[in-house]
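Student: Position chain A relative to chain X; hints supplied.
If you're matching them up, the sequences are chains X and A in order. Residues in the first sequence are numbered consecutively from 1, following the numbering used here. Residues in the second sequence are numbered consecutively from 1, following the numbering used here.
The hints are simulated quantities; they were obtained by calculation from the structure and are not laboratory data. Each hint should be verified, as a subset may be incorrect.
Note that identical chains are pooled: a pair holds if it fits in a single copy or bridges any two copies.
[Unchecked claim] Derived DSSO-like pairs (lysine-lysine); straight-line CA-CA distance at most 27 Å:
id	residue 1	residue 2
1	Lys97	Lys82
2	Lys115	Lys189
3	Lys76	Lys189
4	Lys115	Lys82
5	Lys219	Lys205
6	Lys46	Lys94
2 protein chains.
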Amino acid sequence: MSLPRIAIDAMGGDEGVRVMVEGAALARRRHDQFQFLLVGDETQIKSALESHPNMRGASEILHCEDVVGGDEQPSKALRRAKTTSMGLAVNAVKQGKAGAAVSAGNTGALMAMSKIALRTMPGIDRPALAAVMPTLEDEDVIMLDLGANTEADARNLVQFAIMGAAYSRILLGRKPRVRLLNIGTEENKGFDRLRDAAADLQAAKGLDMQFDGYVESDKINRGEVDVVVTDGFSGNIALKAIEGTARFVTDLLRSAFTSSLRSKIGFLVSRPATELLKHHLDPNNHNGAVFLGLNGVVVKSHGSANAAGVANAVEVAARLLEDDITNRIAKDLAELGEARLRETNGGAASEGTGK
Amino acid sequence: MSLPRIAIDAMGGDEGVRVMVEGAALARRRHDQFQFLLVGDETQIKSALESHPNMRGASEILHCEDVVGGDEQPSKALRRAKTTSMGLAVNAVKQGKAGAAVSAGNTGALMAMSKIALRTMPGIDRPALAAVMPTLEDEDVIMLDLGANTEADARNLVQFAIMGAAYSRILLGRKPRVRLLNIGTEENKGFDRLRDAAADLQAAKGLDMQFDGYVESDKINRGEVDVVVTDGFSGNIALKAIEGTARFVTDLLRSAFTSSLRSKIGFLVSRPATELLKHHLDPNNHNGAVFLGLNGVVVKSHGSANAAGVANAVEVAARLLEDDITNRIAKDLAELGEARLRETNGGAASEGTGK
Numbered sequence: 001m002s003l004p005r006i007a008i009d010a011m012g013g014d015e016g017v018r019v020m021v022e023g024a025a026l027a028r029r030r031h032d033q034f035q036f037l038l039v040g041d042e043t044q045i046k047s048a049l050e051s052h053p054n055m056r057g058a059s060e061i062l063h064c065e066d067v068v069g070g071d072e073q074p075s076k077a078l079r080r081a082k083t084t085s086m087g088l089a090v091n092a093v094k095q096g097k098a099g100a101a102v103s104a105g106n107t108g109a110l111m112a113m114s115k116i117a118l119r120t121m122p123g124i125d126r127p128a129l130a131a132v133m134p135t136l137e138d139e140d141v142i143m144l145d146l147g148a149n150t151e152a153d154a155r156n157l158v159q160f161a162i163m164g165a166a167y168s169r170i171l172l173g174r175k176p177r178v179r180l181l182n183i184g185t186e187e188n189k190g191f192d193r194l195r196d197a198a199a200d201l202q203a204a205k206g207l208d209m210q211f212d213g214y215v216e217s218d219k220i221n222r223g224e225v226d227v228v229v230t231d232g233f234s235g236n237i238a239l240k241a242i243e244g245t246a247r248f249v250t251d252l253l254r255s256a257f258t259s260s261l262r263s264k265i266g267f268l269v270s271r272p273a274t275e276l277l278k279h280h281l282d283p284n285n286h287n288g289a290v291f292l293g294l295n296g297v298v299v300k301s302h303g304s305a306n307a308a309g310v311a312n313a314v315e316v317a318a319r320l321l322e323d324d325i326t327n328r329i330a331k332d333l334a335e336l337g338e339a340r341l342r343e344t345n346g347g348a349a350s351e352g353t354g355k
Numbered sequence: 001m002s003l004p005r006i007a008i009d010a011m012g013g014d015e016g017v018r019v020m021v022e023g024a025a026l027a028r029r030r031h032d033q034f035q036f037l038l039v040g041d042e043t044q045i046k047s048a049l050e051s052h053p054n055m056r057g058a059s060e061i062l063h064c065e066d067v068v069g070g071d072e073q074p075s076k077a078l079r080r081a082k083t084t085s086m087g088l089a090v091n092a093v094k095q096g097k098a099g100a101a102v103s104a105g106n107t108g109a110l111m112a113m114s115k116i117a118l119r120t121m122p123g124i125d126r127p128a129l130a131a132v133m134p135t136l137e138d139e140d141v142i143m144l145d146l147g148a149n150t151e152a153d154a155r156n157l158v159q160f161a162i163m164g165a166a167y168s169r170i171l172l173g174r175k176p177r178v179r180l181l182n183i184g185t186e187e188n189k190g191f192d193r194l195r196d197a198a199a200d201l202q203a204a205k206g207l208d209m210q211f212d213g214y215v216e217s218d219k220i221n222r223g224e225v226d227v228v229v230t231d232g233f234s235g236n237i238a239l240k241a242i243e244g245t246a247r248f249v250t251d252l253l254r255s256a257f258t259s260s261l262r263s264k265i266g267f268l269v270s271r272p273a274t275e276l277l278k279h280h281l282d283p284n285n286h287n288g289a290v291f292l293g294l295n296g297v298v299v300k301s302h303g304s305a306n307a308a309g310v311a312n313a314v315e316v317a318a319r320l321l322e323d324d325i326t327n328r329i330a331k332d333l334a335e336l337g338e339a340r341l342r343e344t345n346g347g348a349a350s351e352g353t354g355k
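Okay, chain X solo, but in the shape it has when bound:
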């Protein structure tokens, strides 16, 4: 099967063209069927391509001069959707010139442009931003929403659960274990919207997921849950607290290891161990936040990602395309609708749901 092209916003991110093109080239070394639409300044892109002969014949350039600023207000950036590299990359997906878009630019602007250009898929009220994080086990955990929506009601949370589960199934190849983020695991904890969403997810038994109730934020990375579902405010708070603490502990470690000669020697001797730790915590190994619930695949690469990180984001986009995430989400939405119908009709399907 030939994979649709991937549009790359070549101008986004802290280091711009060089890293974006190098990341695409790295991804193509591992997957030679990848084709790219590189959007941005033609001269810069051509110059960056010179170092990557494997990109020849695999990439088309779409020239533009305008770039969305990193700190620009999304509403302002939105007015230049037709002239910026970010806007044109997203638009290529809308027009079918690419199957997915990858950008390392301004998250809010990318979200706004993607929403307007691609619109939400049928049955989804609001898209969500999902990211992958390491766990103590071999498998990663997905968390969403991470800030696409500040608030979320029970209906949004149920949709986020379905979208996150579809993404997780593609990554793990099995039925994922899904939980709602809460401040306790007892039934009466948190908000009404959490209890309502839990009841809905428990009632819809045909969903392609295992719903396990609530999870507290100290258990996200223990390997006991595959998808953590929350509103964008709480998700953003949890994600950044996790990132910040991982950095905090490694910073402490670094200063502890360099505090005495004895420590320095110990550090050198045990370098393989600290390298393993670094590898496990390196955000570049988990790069690529995905906007789920749109008519098309859009992946946000971290602004500070290196080429390996960008390659990771490109591969995430390719996998979601290949495994048709939109169709997987649609299937579970249909099942949810049927479960609600069965319940409304007072059928036997409502037994044991606690409702």
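Tutor: Quick look at chain A alone, frame taken from chain X:
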């Protein structure tokens, strides 16, 4: 100055009497003016006291047989406020038999009992739970609310800021830098309640704090902020994400260090470094969450704290008593009221507040 007694719920916590009494004795070795009211089973307390001759003459026992269960519903525990060790310790504060209460039992029950027995101080609508966390710098950061209230409006957030600042001033001995937890630092981020609280804190220039706007959760432990103010849901999510990630990274580190002989040798050589890390992250060095905003001091020691952790919680209670936290909060509340009055009267005080 003679310090009022501290009431200790001797029965709470994972290990009960032995650790609570040992913690009190440890605190008294460092501060020989401390006096205690030990509440719980008399036989067990007497037996525990035998190992601590420095507690003789410094402690009175208040016997009771009933104990609040660790997983008990707060509403259920509340009915036994007059018979349980936790309820009687809090009640001793109400009756003036002690200046502060320390318990390592059920947090929800302790909050409920304290609220009912001590009531909120004048000008405070809701109490908040505040904890101290390590930073990259020498000074600790305080975060509140951590779950006493699931939600908080702008007025609650402003009161939390005042309470947290009073606590921080006692710990740091200087005007603390205060920020509201948000998902971005731009003015338009987050909820209306955050913007309203920020405007109020900016307008009240006479408060004994330096209000610096918003902080994101990856910056809590960088040493750039002394008090992080948030609602109980978000605060609980952030706190547990920080605790869980610190544990996650140290678990990864442990498994990395024991994965090869070379790593093991390195670990032994660099042990002082990892001991330093352990010391810095050990929750026992930062033990003692405080219920702020009540007519009396109540400190929650962590359920799994060891004797050093309990001693820490006891010392926190003593410091809050000694430095009269209630009076400090009252002063800032009065200033806030005056600032509002100045603004309502259209005085010059409203310049530059953005309102």
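Student: For each hint, tell me whether it holds in the structure or not.
Tutor: Evaluation of the provided hints:
In the homo-oligomer, the alpha carbons of Lys97 and Lys82 lie at most 27 Å apart inside one protomer (15 Å), although the nearest pairing across protomers, at 73 Å, exceeds that limit. In this assembly of identical chains, the alpha carbons of Lys115 and Lys189 lie at most 27 Å apart only when taken from different copies (19 Å versus 33 Å within one copy). Only between protomers do Lys76 and Lys189 lie at most 27 Å apart by alpha-carbon distance; the minimum there is 15 Å, versus 40 Å within a single protomer. Taking identical chains as interchangeable, the C-alpha atoms of Lys115 and Lys82 lie at most 27 Å apart only when both belong to the same chain, with a minimum of 14 Å there against 58 Å between chains.
In the homo-oligomer, the alpha carbons of Lys219 and Lys205 lie at most 27 Å apart inside one protomer (25 Å), although the nearest pairing across protomers, at 41 Å, exceeds that limit. For a Cα distance limit of 27 Å, the shortest separation of Lys46 from Lys94 inside one copy, 25 Å, qualifies, whereas the shortest one across copies, 76 Å, does not.
In this structure, every one of the numbered hints holds.
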